[in-house]
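In order, the protein sequences belong to chains A and R. 27 is the number that my numbering gives to position 27 of the first sequence; each next residue is one higher, with no gaps. 223 is the number that my numbering gives to position 223 of the second sequence; each next residue is one higher, with no gaps.
Treat each hint with caution, since some may be false.
No distinction is drawn between identical chains; accordingly, a pair holds when it is met within one copy or between any pair of copies.
Quick list of in silico lysine-lysine cross-link-like pairs, BS3-like style, CA-CA up to 25 Å [said to hold, decoys possible]:
1) LYS102 to LYS24
2) LYS141 to LYS102
3) LYS102 to LYS276
4) LYS132 to LYS24
The hints are simulated quantities; they were obtained by calculation from the structure and are not laboratory data.
There are 2 protein chains.
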Amino acid sequence: MMVRELGVSRRTVVGFGDDISAVKISPGRVAVLKTDMLVGSTDLPPGMTMRQAARKAVVASVSDLAAKGVRPFAGLVALGLPRKLTKADVRQIARGLSGAAKAYGFPIIGGDTNESSDLTISIMLFAVADEKDLVLRIGAKDGDVVAVTGDFGSASAALRAVVDYGEQPGRLHRDLYKALYSPRAQLELGLRLASSGALSSSIDSSDGLAWSLHQLSESSGLGILLDNVPVSRAACDFASRRRLSAVDLALYGGEEYELVVTVPSRMFLKALRAAKGSLKRIGHVTGRFDGVRIVRGLREMRVRKAGWEHFTR
Amino acid sequence: MMVRELGVSRRTVVGFGDDISAVKISPGRVAVLKTDMLVGSTDLPPGMTMRQAARKAVVASVSDLAAKGVRPFAGLVALGLPRKLTKADVRQIARGLSGAAKAYGFPIIGGDTNESSDLTISIMLFAVADEKDLVLRIGAKDGDVVAVTGDFGSASAALRAVVDYGEQPGRLHRDLYKALYSPRAQLELGLRLASSGALSSSIDSSDGLAWSLHQLSESSGLGILLDNVPVSRAACDFASRRRLSAVDLALYGGEEYELVVTVPSRMFLKALRAAKGSLKRIGHVTGRFDGVRIVRGLREMRVRKAGWEHFTR
Chain A
1 MMVRELGVSR RTVVGFGDDI SAVKISPGRV AVLKTDMLVG STDLPPGMTM RQAARKAVVA
61 SVSDLAAKGV RPFAGLVALG LPRKLTKADV RQIARGLSGA AKAYGFPIIG GDTNESSDLT
121 ISIMLFAVAD EKDLVLRIGA KDGDVVAVTG DFGSASAALR AVVDYGEQPG RLHRDLYKAL
181 YSPRAQLELG LRLASSGALS SSIDSSDGLA WSLHQLSESS GLGILLDNVP VSRAACDFAS
241 RRRLSAVDLA LYGGEEYELV VTVPSRMFLK ALRAAKGSLK RIGHVTGRFD GVRIVRGLRE
301 MRVRKAGWEH FTR
Chain R
1 MMVRELGVSR RTVVGFGDDI SAVKISPGRV AVLKTDMLVG STDLPPGMTM RQAARKAVVA
61 SVSDLAAKGV RPFAGLVALG LPRKLTKADV RQIARGLSGA AKAYGFPIIG GDTNESSDLT
121 ISIMLFAVAD EKDLVLRIGA KDGDVVAVTG DFGSASAALR AVVDYGEQPG RLHRDLYKAL
181 YSPRAQLELG LRLASSGALS SSIDSSDGLA WSLHQLSESS GLGILLDNVP VSRAACDFAS
241 RRRLSAVDLA LYGGEEYELV VTVPSRMFLK ALRAAKGSLK RIGHVTGRFD GVRIVRGLRE
301 MRVRKAGWEH FTR
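Taking the hints into account, I'd like the entire structure generated from these sequences.
Below is the structure:
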């Protein structure tokens, strides 16, 4: 509904329906714009510090640019700050923002600060790119390899651990803690993969691997068949300790900032080299538009279009 | 503190400390970026509809670009929506956003929607401009004329009426109602004034006339002496009815989206013509940095650096 109401414009190159938006600013050149809002009451896991929250807000936005192969050029931040925050809290937010911006190589050049009853960190990123270099959600072809830049499940395992099982964040396995509280965006990997020219489509996995795969499938009107879901070691351990399905943790998690890409099979080696090995084949694109499926044992099963659910406490 | 933490960068042309931010994207050309957040619990006067709130969020951002002489090229919207909002509310927000964007001639090309306990409408605007054409807060010279694009006091009179005196919004004088609930940004006027080349500095009046004058004064390190504060007819009537100072309403109000500019006196006629008459001289710039002062009767009085206070209910 929102999209229909807001309409489209001829200057829009990429609008709603992809990870970023882009408008043409000169022949062949586009401005890439991205906004992402982090909300205290729904987006913060128990025990997350203000600095981590601010950092994660930046990471989430950078990850979307990374998936398109675009380096952020400048950022803005709009803050809604509850009155109860201390000056030290606000300083931590500023440090989280500036540390993350520095890590990904762009300046934060402006913003707006407000009082709000719910903590809100709204990030806007700006970049300039060649239109032809953008890697979009649409573009996968029948037979393309589906690949990812890392293992999955750690963030959702960590979230389950602290929310469902009441484990102390500080006592989580280090990899689980880092995945949920100090995630990183795959910016350099995204830039290298995009500039290799080997990708046919790309998305980040922030809404969950299953959700991202469904987006790629729907954007191109093709199916995806998975034969391998890389689950992190720490998520496997957590799953077996809690008698959960490790593959489900990996598929239906979220807040993991890996890249999910498709690559024509003849280009896979090129992509693998560009990624310096950090690319894992997980399945392939199929000609029939029948959603996302997975081979488990001798059976093919449907992968639900489900992902990250905001948690309310 | 925030500014120091976030640092600066060589690519930043205009950073914190002006109405907009700008980064150089090619020789002489800059990307202009602006973010502005509207928060339900602190920014909405009683009785404001969702559509009006969304429209006002856009107007507030456009007004800042108008003051710099920049036409918005594209916008993004990040929304934090309380669970209690109905689908009709959300549709009204979308209509308010799209109506305002259309009125000021730019498309909304992307966004992010979240659940939040406090209504949040975060607008981001993007534009491209020639660096030399930007009219900044800094630039006023001793002897320049200080001028505004309209009358003041209506929005603060309206707010006082509904908040302090419990008047029904629907029964306000039409001009008061419009000023507070359906304000407009002076985009065309700002563009014409800027392209006339007659302005030495400029700001919008959204934080109040007094506040804006202090910003211009501080940015240039000079004083401002007022001899005339144009108060709207409706604000005068309200002030006399409630035994308030009309000039104080006009000076210390806010949420009025006029432009406050300085013009070298030899250029004033040129600026007046560019504005088709919609420009009123209110004072002049003085060589001594002694803040903002006003001539009242036979005395010079200090104009406080005070402005819009968010109201909490």
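Given identical chains, is LYS102 near LYS276, meaning Cα to Cα at most 25 Å, within a copy, between copies, both, or neither? Only inside one copy: LYS102 and LYS276 sit 24 Å apart there, 47 Å across copies, limit 25 Å.
Is it within, between, both, or neither for LYS102 and LYS24, if the alpha carbons may be no more than 25 Å apart? Between copies only: 18 Å across, 27 Å inside.
Classify it for me, LYS132 with LYS24: is the Cα-Cα distance of at most 25 Å met within a copy, between copies, both or neither? So LYS132 and LYS24 pass the 25 Å test inside a copy (11 Å) and across (22 Å) alike.
How would you classify LYS141 and LYS102 at a CA-CA limit of 25 Å: within, between, both, or neither? This pair counts as neither: shortest intra-copy Cα distance 37 Å, inter-copy 37 Å.
Comparing the model with each earlier hint shows a violation of hint 2 alone; every other hint is respected.
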